[in-house]
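If you count the sequence shown from 1, position 376 lands on 384 in this note's numbering, and the numbers rise without skipping.
Calculated directly from the structure, the hints in this document are not laboratory data. Where hints are given, some of them may not hold.
Stated by the list, open to error - List time: in silico DSSO-like cross-link candidates among lysine-lysine, alpha-carbon distance up to 27 Å: (1) LYS360 with LYS299; (2) LYS179 with LYS115; (3) LYS360 with LYS347; (4) LYS212 with LYS187; (5) LYS162 with LYS179; (6) LYS224 with LYS212; (7) LYS347 with LYS299; (8) LYS278 with LYS219; (9) LYS179 with LYS224; (10) LYS278 with LYS299; (11) LYS288 with LYS299; (12) LYS224 with LYS187; (13) LYS179 with LYS212; (14) LYS219 with LYS187; (15) LYS179 with LYS219; (16) LYS278 with LYS347; (17) LYS278 with LYS212; (18) LYS187 with LYS162; (19) LYS162 with LYS224; (20) LYS278 with LYS288.
Claimed, not checked - Beta-carbon label-pair distances, calculated as ranges: (21) ARG154 with PRO280: 50 to 56 Å; (22) ARG159 with GLN330: 46 to 52 Å; (23) ALA327 with ASP194: 46 to 52 Å; (24) GLU346 with THR261: 17 to 23 Å; (25) GLY423 with SER118: 48 to 54 Å; (26) ASP153 with ALA327: 53 to 59 Å; (27) GLU146 with GLY355: 57 to 63 Å; (28) ALA379 with ASN312: 18 to 24 Å.
Glycine included, each C-beta is placed from N, C-alpha and C at the ideal position.
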Amino acid sequence: MRAFFPTLTKIETAMNPQLRVGIILLWLVSVAGAYLAGSQFGPAPAIVTKSAPPPSAKPASNFAQHNRTPGSLSALESNPAKSSGTEASLLDGNGRNIPALIDSLSKTLSQGRDGMFGGLGFFRAFGPLLELSAEETEAALAEVDRTIEDRRQKRMIQSMLLGRMAETDPKRALAEVDKLIQASDDPSRSDGLYFSVVGALSSKDPEAAWKWYSTKRDSGTLPEEGARLSGMIFTGLAKQNLDQALSRFGALTDLDERNSAAAGIATAAKDPASWDRILKATASWQGSSGKEARAAMIRQWAGNDFQATTALLRSMPPAESQALTDSAGWGLMRSDPEKGAEFLMNGAPQEKVAERYNTIMNAWGERDPNAAGEWLNQQPSSPAQDGARANFARTVARRDPESALAWAKTVSDTGQRTNAIRDVYRQWSRRDPGAADAALGGSGLTAQQVEEIRKAGQEQPSFQDRGRGPFGPPRF
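Please model the entire structure based on the sequences and the hints provided.
Structure (structure tokens):
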């Protein structure tokens, strides 16, 4: 749908029907997957399949992945007659039976994985939302607000309906989001509803989107995802008028907001000529703003077209090119971690080696710890590589603390090794104190060090699991 794929609006008229249906189905799966992941699965550590090696050995990268299989067929799928009757009940003499539609969808969500991913059950539940008229969409929003109490269910369905509304009337959809947020029991939480409509409005009318964003920001009422919304808006602004978008970018003050907006401008700039215009414009900016903008844009370009980005870097003066290499490497790590690691380490100045190791481990270790660990094992021994082992252990500790501790124990430097073991233990003890204590006792540390780490762990504040995520690009 346009609300979630704003960049497709210019080509959708040439898109064949099968492709458009496929994109819509992909959107539905992604929204539902996010709901189910939050409600049932949550972040889970990987299963350890091998014992930890002795500290002198190079630990094998053995971070197993959870393999979840789809649930069994739902009742509707295993009973075609029942399915036909249920579908018929969603229609009445005047068209779709909105209360029945929302009730059916809510019940499917309540069934969890089995109801959502049992064959065609998911598409039977959500498919009718794609066909609602503007009036039916409004009626469905009212029905959801009236009948659904579960906040996650309510927000998920509202998001889909508002995305549908935004296809034809994004301003109205944005106003509806504002109204829903203000009427909720916690107006500080928007639960991602703005993502459903801001992208569509930015594509159709970026000036209106910018006006809404500026008003919210200046009044202190910008939603929690505000910085990320700026990326969508600046993509629309840059497509409409690149110079004006750059001018408005200069007025931004928040670092996250600037990084997101810069990435949005970079997304809109599709050719090297536009890249050159952007780099020349930002070169004259005072302070760190131009540096931040160029770094964020290089990250975006490198992830999309690495060859063109490296050609651009080669055309720059060596000092400027070297300053942007880290950003380009981070961007490439998103699309091809192995090539990104090679690019970052090839000819790296000595003073940059440790920093680039950490960039690689932070990005790659979260994405594919097995491959990242194998790559790290192949690097020549050095103090920087030793520090990378410690950082890698911290990166993967949440996913597989037992293997992370094995990595921490291979760090040569005594101080770094102790610190790495301590940090792994802290993360592990929040989930399984017994296993963490037992492993700490066999970590090779002295009895006094073990006791100090345990005591510090008991005194740490309560931990709220925020879920796994990338550590983020280098900041300035």
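Each hint, compared with the structure:
1. Under the criterion of a C-alpha separation no larger than 27 Å, the hint pairing LYS360 with LYS299 is consistent with the structure, at around 18 Å.
2. Taking the CA atoms of LYS179 and LYS115, the gap is about 31 Å. The hint is violated against a cut of 27 Å.
3. A distance of roughly 18 Å separates the Cα atoms of LYS360 and LYS347; the hinted pair therefore holds under the 27 Å criterion.
4. Distance restraint check for LYS212 and LYS187: the Cα-Cα separation of roughly 21 Å lies within the 27 Å cut-off, and the hinted pair is therefore satisfied.
5. This hinted pair checks out: LYS162 and LYS179 have alpha carbons roughly 21 Å apart, not beyond 27 Å.
6. The suggested pairing of LYS224 with LYS212 holds, with an alpha-carbon distance near 20 Å, which does not exceed 27 Å.
7. For the hint linking LYS347 to LYS299, the alpha-carbon distance of about 25 Å falls within 27 Å, and the restraint holds.
8. For the suggested pair LYS278 and LYS219, the alpha carbons sit about 25 Å apart, so the restraint of at most 27 Å is met.
9. Distance check on the hinted pair: LYS179 and LYS224 sit about 15 Å apart at the alpha-carbon level, within 27 Å; holds.
10. Note on LYS278 and LYS299: the hinted pairing holds, with a Cα-Cα distance of about 20 Å set against a maximum of 27 Å.
11. With a C-alpha separation of about 12 Å, the suggested pair LYS288 and LYS299 falls inside the 27 Å cut-off, and the hint holds.
12. For the given pair, LYS224 sits about 14 Å from LYS187 by alpha-carbon distance, which is consistent with the 27 Å threshold.
13. The hinted pair formed by LYS179 and LYS212 meets the criterion: a straight-line CA distance of about 10 Å does not exceed 27 Å.
14. A threshold of 27 Å between alpha carbons decides the hint, and for LYS219 with LYS187 the separation of about 18 Å falls inside it, so the pair holds.
15. Taking the CA atoms of LYS179 and LYS219, the gap is about 12 Å. The hint holds against a cut of 27 Å.
16. Distance restraint check for LYS278 and LYS347: the Cα-Cα separation of roughly 22 Å lies within the 27 Å cut-off, and the hinted pair is therefore satisfied.
17. Proposed proximity of LYS278 and LYS212 is supported: the alpha carbons are some 19 Å apart, at most 27 Å.
18. With a C-alpha separation of about 15 Å, the suggested pair LYS187 and LYS162 falls inside the 27 Å cut-off, and the hint holds.
19. A threshold of 27 Å between alpha carbons decides the hint, and for LYS162 with LYS224 the separation of about 24 Å falls inside it, so the pair holds.
20. Annotation: proposed proximity of LYS278 to LYS288 holds, straight-line Cα distance about 16 Å (limit 27 Å).
21. At about 54 Å, the beta-carbon gap between ARG154 and PRO280 stays in the expected band of 50 to 56 Å.
22. In this structure the hint that ARG159 and GLN330 lie 46 to 52 Å apart at CB holds, the actual value being about 49 Å.
23. Separated by about 49 Å at the C-beta atoms, ALA327 and ASP194 satisfy the suggested range of 46 to 52 Å.
24. Hint check: GLU346 to THR261, Cβ distance near 37 Å, so the stated range 17 to 23 Å is violated.
25. Separated by about 52 Å at the C-beta atoms, GLY423 and SER118 satisfy the suggested range of 48 to 54 Å.
26. As the Cβ distance of ASP153 to ALA327 is approximately 57 Å, the hint placing it in 53 to 59 Å holds.
27. Against the hinted window of 57 to 63 Å, the Cβ-Cβ separation of GLU146 and GLY355 comes to about 60 Å, which satisfies the hint.
28. Against the hinted window of 18 to 24 Å, the Cβ-Cβ separation of ALA379 and ASN312 comes to about 22 Å, which satisfies the hint.
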